[in-house]
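S.K.: Letter by letter, the chains look like this.
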Amino acid sequence: MRKVLIVEDDQIMAIALRDGLESEGYSTEVESDGPSGLRTAMEKDFDLVVLDVMLPKLSGFDICRQLRAAGNDVPLIMLTARSLEAEKIEGLKIGADDYITKPFSLLELLERIEACMLARV
Amino acid sequence: MTERIKNFLKKRWLWVAAPMAVVSLAVIFIAQYRSLRTLEQTLPAYRRETMSKFLNEVTYSVKEEYYKNAERVLAVPENAISFAHPGIVKDSTDHTACQKSVAPVAEFFHQQEFKGAKRYFIAVATELNGGSESEILFYDPSCNGMQVDRKASEMRAINVAIAPYLIYIRSRAIILAQSMAIDRDPYNRLIVKPVIDKDKKVVAVAGMLLDEKWFQEKVVPPAIKSNLKKFFPTEYQEAIVMVRLGDFSREGETIFSTDPSVKEIKPEFLERFDYGFRHYGIGITMRGQNTEQWARAYFIFNLSLTMIGTLALLATLLLALRTAAREMKLLQMKTDFVANVSHELRTPLASIRVFGEMLKLGRVKEHDKMREYGGYIETQGRRLTQVINNILDFSRIESGKKEYNFEKADVRELIIEAIEACKGRASQSGHVIRFSQPEQALPPVSVDFDAVSLALINLLDNAIKYSGEAKEIELNLERQDNFLQIAITDHGIGISREEQEKIFEKFYRVSTGLVHDVKGSGLGLSIVKHIVEAHGGKITVRSEVGQGSTFTIHLPVRDERDTADLEQSSFGRFGSGDFPAEAGTTN
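As they're listed, the protein sequences go chains A and B. With this note's numbering as the guide, the letters of the first sequence map in order to residues 1 to 121. With this note's numbering as the guide, the letters of the second sequence map in order to residues 1001 to 1587.
Excised from the complex, chain B in its bound form:
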């Protein structure tokens, strides 16, 4: 199972690595972005701007609220008052005349509703017994009428407030009919609005006394809360907003605070309320992190992020380098391959040519010698054929055009023929091939005769080539459950552990240190592997350096029934194909 995964990874590593790299980089990017956004919001300049804007907005919205309401509830219509002369109301000593003249105003005030107002009034210029006076009448909701109330504590403040307007009334001036807030008297804050006639001349003054409690409890806190959420969406908890009557020194009095546990603050920004509540100040400061604190808190986070980013970059770099190195190595191998193939073809040809030339020139006298030379020409010819077959097979396999023709065959016959083909070469170099086989009958197998022959000849060839001084080569055939095992053993130089994996790769030749030492094209074992796997089998190697190697071909045995399936051609290609089943399982 793990071998499947390993092989899959080897082939398709890019498909796994690329999405992983993209995903992790995306995650890193998003995390950094969010953290930097937070940082941006803690930047002094950004924060300061926000704080300042916040205060502006709060004071402005409070002012707007009062202004709008004032404009509405104090818009007494001019015809609600009966004037004796323009702007002048006739009065009587008991004020009843005046009351009657302004009675409709009560109706107007009755319809208005503004909880921020404590009391409504109207001020008019009067004429009493020939003298100029003024009168202030309060709206009395209990009797729904306008009343004089000279004892009212507000009288003084109101008188001061309306004084300029009385002058305007008597001089029949035209002024803007805008409401104005007057808070000279902090205990009696009021808003007045002139009443004008059709000619825009002032005829009276309407006004209201402001309910301070309403301001403190019902106007300011909501304005602050709603704007806090608006201006500090993620960190409104961090803001401390305080409203004080007076200033922010010890003498002030806290009217409202977003955090009651904090008694005093040193506000980063402060503003005064406007429009009737100038004595009130609003200040804001941020608790919690400024930029330095943020940086410290996020230090670990940022460091890890940077490290991960660097690691990702390094990993990618390494991957790229490794790929490049592999490619270069492959290129080198291919170049070597071409040179070596050249060698493999030319060497047997050289011998053939020399012997042929000697025969032609008549330099060979003895018959024995002639037969000997004939033998050499034959074996070298076979050797050449073998090399050419290897190259052609390799080329076919590489281009995906390799076809196998499976037929029922007797394995013993196959092996004996392969050994025969190698016998000549073996004896010429003093090697002996021993064949051991079991006595009991072996089931027939479905094989491509030529292909398996080629595979065996390649293995025997290798055995001869790498045998060194040892001259014994053993070929052992036996049956193991559902497999036939053909093992070829030599006692030569052996193969190291690391190389045992690589030797089946195309172009690979075992290195013995010297470039010129290694002959052969590097194709043999890769072709053998391909052939064996195309038969549904596998090839294994057991070897120790200096002791020799055993290459074992495992061929699956087919039932009579199954043979029918295999008698067809099958295409093979390096790098694809099914992986052989574990020995011992049915295929």
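Just chain A, same shape as in the assembly:
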């Protein structure tokens, strides 16, 4: 069973992601703020992390940077609802594997998750 960490502070969105991924057969863990998300990612092993950009206390970008700096190269997909192109480029530059803007199609997300995991094999 492949494990996915979801870091998303919007509770409803978090439920949607959790249920959506679990319906595809992943097992999930949900963190709802930046610091705990980072801690969990560092302490436990995951096959992929779905990371929202707008998080309280610590942004998704910072989490990504810190993870990569610590040598953790877990596949990472960033989610955002902001529309700035510059942010997308920034995200990919600092080491995210993919970047998706909301609203997105669930199937598309699942495809991208699959692709990320395959790329790592």
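Since the hints were made in silico from the structure, they are not lab data. Be a bit skeptical, because a hint or two may be false.
What the hints assert, rightly or not - In silico lysine-lysine, DSBU-like type, Cα no more than 35 Å apart, as pairs:
1. K1538/B x K57/A
2. K1538/B x K3/A
3. K1100/B x K1068/B
Start from chain A and add chain B according to the hints.
M.R.: Just chain B now, with coordinates in the frame of chain A:
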């Protein structure tokens, strides 16, 4: 009252600042100009030129006065003398013959008036017993005739003066009939003028002895005084003018001084009088300030002027910078706003889409789950509606097209509906909204139902958003004199003093340090404020950092009679509108 002034200044500061700046700069400019003009007049070159010109003018005008008078009073007509031969008068040993020949001249002199003359005379070439002689006859006013006066002290001086003319007379020369001043003898100064016949030949010499006292007392002082005023209009007090017989060393004698207390001066400029008074000199010096002294005296003045000028410049600069900074900040806020609005719209949509997709794909088996998802779609849909309403309202308000429709309504109903609209979202995040209201009947109010709803929903939304860990939200309704107060309290992160003023500004969001931390469009509170004020009410906030906040809407209660006035549309626009009355006063 002060709040009115503050708000007025905030809006129209340019109208106040610009005239003030212009006026003060004008004042500074004029003051500097006048001070520099004074400086110019103290400049050595300028002053020296003026002093020199002054002396020139005084000596010239004195000379002119004597010259003109001489030309006039000595213009003896040729036919006043009976000549035996051209230019020669027959004389007798007792001089009576000569007297008779020149008698008409007395009449001429009698008619002339020149107070500067002591005595008039006429000199003629005579023939006596075959010999050539000359005779000098004085005008005697007492008998109105011409008299010989050989014992007169002036005789020697006159003889010397007329000697060349006698030669001209006998040689029948033609010369210019101009008067000439002769002052070889300082005690007997005289002016002579030749009398000429039709052929321009000299036939006699008329002359006058000058009254020195007249010169000293009646000619020189007025000339000096009038010219002083002319050449030194602002500082004639500063000039010391001295006239001396002789020179300005110890041996001279002061005849006139503009300042009798000063015994001696070292004149910066001096000149001699001309035309009969060569022994007199006139000198001028300036007391008081030269340029260095002026500079010292005006030092403070100039320094202050410079400082004020610099301050004015700095102030203007600062003002300009501040305006520029504000503009840039506003621009930044607007850019952020666009990005954030985008976020606010997309987030609920994302959830709706995912849940919808899951339902469509048939990945949801249990009915409970389906109902749950249906609930989420509904609340997110409401949330989206709320955001869209906010944006549309904001846009209408900004373009001045916002209309309010006032109708009688029951406040309790309004509040209950607003709470219902938020209940879904609140429970999903674990928040509880408690409504407390008074028991006694409340008067109806005239409100725009949708607008006030929107306002309440915005406030409740904020309460949920900024509650943090505390899950209790209270809504309290009560009546306070002529106002209904609706207070929404949360126990969240609170708002600092400085920010309490700013939160009602459009685009403003409370900063918690991290850019990505702050969600929301920044429109909510500014819209709430606009709505509340359009109803003639006001919104207040009480908050402490870390303890939570209470936002209170004060709505005026209208009498039955007044309601009629409000049932009409009213236009609203950010930045304009009446300021709410103080609580407790009738509106």
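S.K.: Determine for every hint whether it applies to the structure shown.
M.R.: Comparing the hints with the structure gives:
no., hint, result
1, K1538/B x K57/A, "holds, 34 Å"
2, K1538/B x K3/A, "violated, 53 Å"
3, K1100/B x K1068/B, "holds, 29 Å"
Of the hints listed earlier, the one the structure fails to meet is number 2.
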